[in-house]
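The lines below spell out each chain.
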Amino acid sequence: MIARQPRFPAVFCLPGHHRFAESSLVKRLLLPLTPLLILLQLPAAAAEPPDFVRDIRPILSDACFNCHGPDAEARQADLRLDQRQAAISSKVLSNGEMLRRLQSDDPELVMPPPQSIRPLNTEQRQQLSTWLQSGAEWPKDDRHWSFIPPLRPAVPQLPQSSTVRNEIDAFVQQRLQQQNLQPSPQADRATLLRRLSFDLTGLPPTVAELDAFLQDQSESAWAAAVDRLMSSPRYGEHMALGWLEAARYADTDGYQNDRLRYMWVWRDWVINAFNDNMPFDQFLIQQLAGDLLPERNFMTQVATGFQRNHRINSEGGSIPDEWIVEYVADRVETTGTIFLGLTFNCARCHDHKYDPFSQQDYYQLFAFFNNIAEAGLGPNDGNSPPFIPVPDSWPNLSPAQLAFVEPEPPKVTLQQTSVPRPQPGSPKTVMVMHEQAEQRPTYLLSRGRYDAPDTSHQLLPATPQLLSEWRPEWPANRLGLAKWLVSPDHPLTARVTVNRIWQHFFGQGLVRTADNFGSQGEYPSHPELLDWLATEFIRLNWDVRALQKLIVSSGTYQQSSQHTSAADPDNRLLSRGPRRRLSPYAIRDTALYVSGLLQEDIGGPSVRPYMPPGIWRSISNATYKQDSGAALYRRSMYTYWRRTVPPPTMMTFNAAAREVCVVQTAETTTPLQALTLLNNQTFVEASRLLAERMLKQGGSDTEQLTWAFRSITSRTPTAAELRILLQDLQECREEFAQNPHAASQLLAVGECKADPDLPPQAVAAAALAASTILNLDESITRN
Amino acid sequence: MNPEHIRLQTRRKAVLQAGSAGLGVPALATLLRAEQERNPLGGLTALPHIPPRVSRVIWLFQSGGPAQMDLFDYKPELQHRFGEEVPESIYPAERKTTMTSGQTSFPCAPSSLKFSQQGQSGIWMSEAMPHLARHADRLCVIRSMYTEAINHDPAATLFQTGSVIPGRPSMGAWISYGLGTENADLPAFVAMTSNGSAKTGQPLYDRLWGAGFLPGRYQGVRFRGQGDPILDLSDPAGVTRIQRRRMLDSVNRLNRMQSATVKAPEIETRIAQYELAFRMQMSVPDLMDLSEETKETLEAYGPNAQKPGNYAFNCLLARRLAERGVRFIQLYHRGWDAHNNTPVQIRSQCSDTDQPTAALLHDLQQRGMLDDTLVIWGGEFGRTIYCQGKLTSKVYGRDHHPNCFSYWMAGGGIQPGLTYGATDDYSVNVVENPVHVHDLQATVLHQLGIDHERLTFRSQGRDFRLTDVSGRVVSEILDQSSAATA
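Chains A and B, in that order, are what the protein sequence lines are.
With my numbering, the residue at position 614 of the first sequence is 614, and numbering never jumps.
Every number in my numbering is 783 more than the matching position in the second sequence, counting from 1.
Since the hints were derived computationally from the structure, they do not count as laboratory data.
Mixed in with the good hints, there may be bad ones.
Dumping the calculated DSBU-like pairs for lysine-lysine here, alpha-carbon to alpha-carbon at most 30 Å [as the list claims (entries may be wrong)]:
hint, chain 1, residue 1, chain 2, residue 2
1, A, Lys549, B, Lys1046
2, B, Lys1078, B, Lys858
3, B, Lys1177, B, Lys858
4, B, Lys897, B, Lys1177
5, A, Lys625, B, Lys1090
6, B, Lys858, B, Lys1173
Which bits of chain A does chain B cover? Going by a derived footprint, with three or more residues having C-beta under 8 Å, they are [claimed, not checked]:
hint, stretch
7, 345-358
8, 692-700
Covered stretches of chain B, going by a simulated chain A footprint (3 or more residues, C-beta under 8 Å) [stated by the list, open to error]:
hint, stretch
9, 927-935
10, 1027-1037
We put the beta carbon where it would ideally sit given N, CA and C, even for glycine.
Assemble the whole structure, with the sequences as input and the hints as a guide.
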């Protein structure tokens, strides 16, 4: 089905139901508050008969499955519309019953019922009717598209051109041609280098790097820039960030008193894995099962910290059994979201309402993660067992230190008279996965409750048959699970992963619901491209960097991001380059970098930069002890992450909260962001240090401003822009000359001492100019 | 400026700024489409579902779990059972926390506080809240609240987000998502925290006022008791307002030039948000300036009314926020977790909060605002009748207790002077008219004109709502007009 010739529907049915329609075209076609339909094509094609998998089932899933779907307990009238055989046998499709109920005005008859919160709009009702009237074709192989292994599609044959550079472009442009749309021209070279630098390292190009790239007109200039950026250690740091958010990495336990933990060694492992370009299948296997590998060692053990990053409760009075269930459930949810793009947690309390997974399927997956030698409550500060000691010489380990380490089992004692706590791991340990000797039995938990197990039937680890076969040679443990996930015929792992990598570069995935490839997820904008990339990724032996090179060398990636036509409002057809606001981490890092403050050490324990007064104390019993000196200026990925009080600047710019697995975050624009960039100590200090650099750079005001502007935005300012900045600079200089006290006040912001050899009024005035530039929309955007 | 004038002005402003949608708008066109259609206040056009009875909510959250039997749930007969074992038939072992489940004895600890009936309505209250007692006829006391969560974090998270599992939006976030803001210069949802004189208590978490999977702009803005009330509100030292204005003008001009070149709609949004930030820099200091308050008002709130970060200050600020059209005002007061020496701790907590709470009710009433404001008081759970630790006639401790606890509500659409629900002789189990956390949430939404089953947001393919899969509007505590729409 996926490999068939592409046909383009009039509409794609998306999972949201009441959504905002902007264009007049959309408004004309849709009633207000009707389910979301995004037009991806001209209305002329609407006459095409509906395709079951692409058009019909999403409607059934959204509007009908709740009462006529997989969940046996919620099922009404003994009717299933999620299974071909059951639906056909019921005869409602063929005997006119369903059609009558769809078209009825009688509130007693009409489906969905009038009070349903999942109504159908006219268009959907029409589509279902058309489908029923045309014989209700329901293909024999009616598996949801993402459950069918990707077949490598033929690459459309398009003539090579400046915009058709590789296979990606062939798929994208074929689609554009069918819509009578043109790709956008290539972006200018400065914009391209900025885009690439931010995407690969999270930092802008320097003025020198820009100049060198602009002068190098050779064919190989782009490839050289890609190689330079990918071989920088900043690459691993930047790539690790998305993984840290998805893996809910943090420095505290996350509940109640939010006790301290020490997982930064795992974070270092992730950075190194990216910098070593570890193949993704290895990356997955080591993190899920590094403790079970035949060739296991200290490093593969550290990797398993991935599934110990979940929150741990240490609140006195908690019931240990209850919390072990929560930890295991978190691992299932994270594995489901990050590797499978499925919402398995929905099946914790009942059969899944939309996807064909039973509650038993859920607890069979649960069983893979349910045998860890762990305690229900955490210690009062410190790592929770199992953990292993980290040598002082980390990350430089001798062969002896690289050997596998047997963690000591949890030793639970009653503390504070009644709280059962395990031994704490010191700051020189890291949490890992480790099986306990005695098997902890897994049962289906009624309504997901820890105290309601169905002990009549013990469940063993197993994966849903529907997705991919289990090979008998695989062990029935996490290692087997990892091998199942990376087997080449698995329908999801490669698709979900390339989609997330695509999202990194384009801001949205080919499947926009990166966290849901199930029947309530969005249909891919370019199904064949997704499948081609997934199969290519496997063919490349899961080489992440090779896949990324393919993406950044495409003409599609290098298009200008200017809005040229209203035909593709959300850029779902990729008719232009991706324009995106920078991540919260990149915003702060850039300010530190351009001002010369950034301290570029890789890894190590988290640091405590400037925070608002009483940041922890005001709502908890912990006190934030701010660092001093170099630690104030490390990259933002190293900022101490207290889960219950995450760093406000990061949260203001929409960082993930690190409580549960999150693979996509929504960007918003708020006045709090303006206040941060204008007034926050970090950004004010960066402005004045950037001002010092401007003055030391020398030359005229115009030259200094041009240099600062280019450092921040990667673009040379226009004469009109310079006039504005110059005039402000001169006025500020006069004002500070008249009020030297104000200048010295401004120069006292932040710990870094002002350079005594520079005139304070000049630095203060330049600082406000630098701050003006740092506050531009363009400065926190890569076009 | 009188409050009515402020209200009118802010409403007008909000309407004039149609499209700027309160505290921020989504950066991406895609995100716009990912949400429902919005009205000029930034709320959903589908709302209100029913005629709203109140314009705003003030929730005085008492963090830690106040002991119901020492405050509202009067059990005179228990005086005769002092020290007797609480029967296991009443209090089963599996509902005890591990802090006390290992105790060999569960002796009954009747309240050592004196109770009396208050007002015309004769609501029973203990001596610990003498100021509130004078407003008894304005209160509706619910004695039959219950929850499933037995520990602070899950219980507080359930109250604020409808689920013990983190990642869901808080109640205020749902409300600002649904209804938008009446004052474009202030957030629709404000959270404030305070400590009692004990200076300690159970911690709070940003997720309690977080946006969960809703867009980040709906999260509660925390007003801080130290430094700037809103983070980074003040200009840096040495920068004048004139310089700041000039700088903003230049930022806007430069952004407009860029917008003309790249034609990205997000830039216009950012320009609007910079203007809003500038207005907030004026509106917030105005909000915090108590100089226009009369001496009588300040005295009514007690000696701490002018101390930022104090409960009394937060109560006064709550009224000022309410006047300015802030929709959901959430106070958190810590220190109610009285495991040891409950009587002393209760008295101390009440002496910190009783007078300001009463003053807030009175203040709203005399300004004619109580009728369209819903005031809620209560914590995340109750406390055990059995003693934790050593029992004497004066000293007893109480562990967490989810099966019953007391709340009160006052104001818009709530029947005043009503006592609703009842517990058994031991104040252990609800025996009449149980009210679950989700029921309370459904009721609060209802008063704001929201059908709790219809305010949904899709995340990971599922439509989520505040009340998860349950919740019932407790129409029995509503006045006739409110109950009619329930």
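Hints, one by one, checked against the model:
no.	hint	result
1	A:Lys549 - B:Lys1046	holds (29 Å)
2	B:Lys1078 - B:Lys858	violated (40 Å)
3	B:Lys1177 - B:Lys858	holds (17 Å)
4	B:Lys897 - B:Lys1177	holds (13 Å)
5	A:Lys625 - B:Lys1090	holds (25 Å)
6	B:Lys858 - B:Lys1173	holds (21 Å)
7	345-358	holds (count 3)
8	692-700	violated (count 0)
9	927-935	holds (count 3)
10	1027-1037	holds (count 7)
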